[in-house]
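If you're matching them up, the sequences are chains A and B in order. This note's numbering applies: residue 1 is where the first sequence begins, and numbers increase by one. This note's numbering applies: residue 1 is where the second sequence begins, and numbers increase by one.
Bear in mind the hints are in silico, worked out from the structure with no lab data behind them. In this text, all values refer to a predicted model and were calculated from it rather than measured experimentally. Check before you lean on any hint, since a few could be wrong.
Since the list gives no way to pick out one identical chain from another, each pair is judged satisfied if it fits inside one copy or across any two copies.
To be verified - Derived pair list, reagent style DSS-like, types lysine-lysine, alpha-carbon separation capped at 30 angstroms:
1. K119 <-> K318
2. K56 <-> K147
3. K97 <-> K222
4. K217 <-> K233
5. K217 <-> K318
6. K305 <-> K217
7. K222 <-> K332
8. K222 <-> K107
Take a look at the letters that make up each chain.
There are 2 protein chains.
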Amino acid sequence: MCRPRKHRIAALALLIALVGQRPANSQDPLPSWNDGPAKQAILEFVKATTTEGSPKFVPQAERIATFDQDGTIWVEQPMYTQVVYAIDRVPAIVKAKPELKNVEPYKTIRTGDHAAIAKLPMKDTYALLAAAFSGMTVEQFHSEVSKWFDTAKDRRWHRPYTELIYQPMLEVIRYLRANGYKTYIVTGGGQDFVRVYAEKVYGIAPEQIVGTVGDTKYGYDKEGRPRLTKEPKLMLLDDTTGKPEGIHMMIGRRPHAAFGNSIGDQQMLEYTGAGHGARLMMLVLHDDKEREYAYGPANGLPNSKVGTFTQALYDEAKGKGWTVISMKNDWKQIFSFAE
Amino acid sequence: MCRPRKHRIAALALLIALVGQRPANSQDPLPSWNDGPAKQAILEFVKATTTEGSPKFVPQAERIATFDQDGTIWVEQPMYTQVVYAIDRVPAIVKAKPELKNVEPYKTIRTGDHAAIAKLPMKDTYALLAAAFSGMTVEQFHSEVSKWFDTAKDRRWHRPYTELIYQPMLEVIRYLRANGYKTYIVTGGGQDFVRVYAEKVYGIAPEQIVGTVGDTKYGYDKEGRPRLTKEPKLMLLDDTTGKPEGIHMMIGRRPHAAFGNSIGDQQMLEYTGAGHGARLMMLVLHDDKEREYAYGPANGLPNSKVGTFTQALYDEAKGKGWTVISMKNDWKQIFSFAE
């Protein structure tokens, strides 16, 4: 087909215009980050540890990076997503065990009174999680959680929870992986819960999820087929001191980079920082009320029930040379859906 | 430098002679295996699961293969290597706690009477292992075990324990890995013990060792530096039903191939076999007294204290289509050091 010359010129002009619109820093691996010490720290760490001959070079097999989940790579306010899931499971739990109807925390949850639910003590939350995360095979649990994520939406942005991912952190995860790092999630959340979506959302495989572990029990169904049933028994609480312990059990190597946002991540960052050679320790500070949330004493704000970033943790970070990431100042864009 | 023509011809003749000596099956990925149903089962499984378009094709991310260690990929007779290590640790244990001197099993072990030591009850072995595998940081433990392997030799072949690897199984591990499989050791042995040499010996990284897990405790040394200390507390006994449970915790995916040799591996093979699509389950039968050992009822021989291959397991294998590997008939060569 012969195309008139002026059309070809117009097409060429359009092409030039489109190419011209590409940002100047199209090679920037961290486009959602503003220039500043946090971005600089990441770029310098990766360069130092992956450049052959660099005094800080790290062999590929030892390139381990660990990321807390709630509040570090996705939203944790106003409550942990897995707790929202557990609350939504209450009708099914009570249907299976009607005797729980008038027992706490089920009694309060069944009223639907958000303020009262938010005030339930921590031990009730643990009991609820144990009930919601057990009593079925590992495959049934996977399927239930997967179905829930298909329809559940958060109340602020009205979006699936799996979209409430921090775009800048996703870029860090991908950038580290592109440079030979094995990326792990190290979360206080349930290991099997996070495994349901982590591969799709973060590109992180089930075997790279270190989380709170509930016991499973091997047995057989009525037809004699083997099955693993989730038990309401805690094996590892992967939070605070449990994070380095879980990392040792699941990985067996000390990370070279660790990312967190709360006192639950303190020991993981200390343990990472105590290794020889180049180490990168970073803490996300929630100081952006407009685009996300602002909370924590290190922020001059009252503590929240989740994701406590105390003044003591802030001081330890400063004293040990960890990098504090300001969501407000360091992140150009927070979510992929919001410019 | 100019080389006379006849020398060049001689060199060429030598080259041809050398090339001519290569076995005809130089492309055989399993040269230490005799042709037969076991070798065939491995080759067919790999071909079916890695050929795009094959009805049994398995995506690379799901290619998980698990190997028991003792008696499956290295020698377990006359006693597990980690028990030999623990016995050799007794002087250090008693030095640290002199009150144990006249307590069992230390009292008997200190006599050096092999026959009496072999008769110690299982609970004493567990107590000894707990003592030998705790009371120090994870780095100190790694260093102690590493030093021991540098000098310790077995009493039959007088070789380092890390040479008592079954060459045919090493070929299977490498062959699976070359075909996109992630290879794991799933052992009743101590996870941290196996991690010391597994990368060097089997090419299997620390994060791919699923083993019996002792608790660790996060704390600080006198200078305030973080450390992980090994505690004498069992978190997971990775044997029998503990194997599928450990696989779920550490990997979170059902294996497509599993290799074992005893009732400790029964549930791992059942769990593997209960998955959809292509699955390969294999059991090593020790029936070669000349080149290694012969033991187990399935062999028409009395049970041994380690590596029990019962008649019931043999019958289950036959009934479910698992492949039993005869060391005598299926393996051309057992060790790399012995033709």
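Verification of the supplied hints:
1. K119 <-> K318: neither (33 angstroms within a copy, 58 angstroms between copies)
2. K56 <-> K147: Answer is between: at 27 angstroms across copies they meet the 30 angstroms cutoff, but 45 angstroms inside does not.
3. K97 <-> K222: Classified as within: same-chain Cα gap 22 angstroms, cross-chain 51 angstroms, threshold 30 angstroms.
4. K217 <-> K233: both (10 angstroms within a copy, 20 angstroms between copies)
5. K217 <-> K318: between (45 angstroms within a copy, 26 angstroms between copies)
6. K305 <-> K217: The answer is between: 26 angstroms across copies meets 30 angstroms, while 33 angstroms in one copy does not.
7. K222 <-> K332: neither (56 angstroms within a copy, 43 angstroms between copies)
8. K222 <-> K107: So K222 and K107 fail the 30 angstroms test inside a copy (34 angstroms) and across (49 angstroms) alike.
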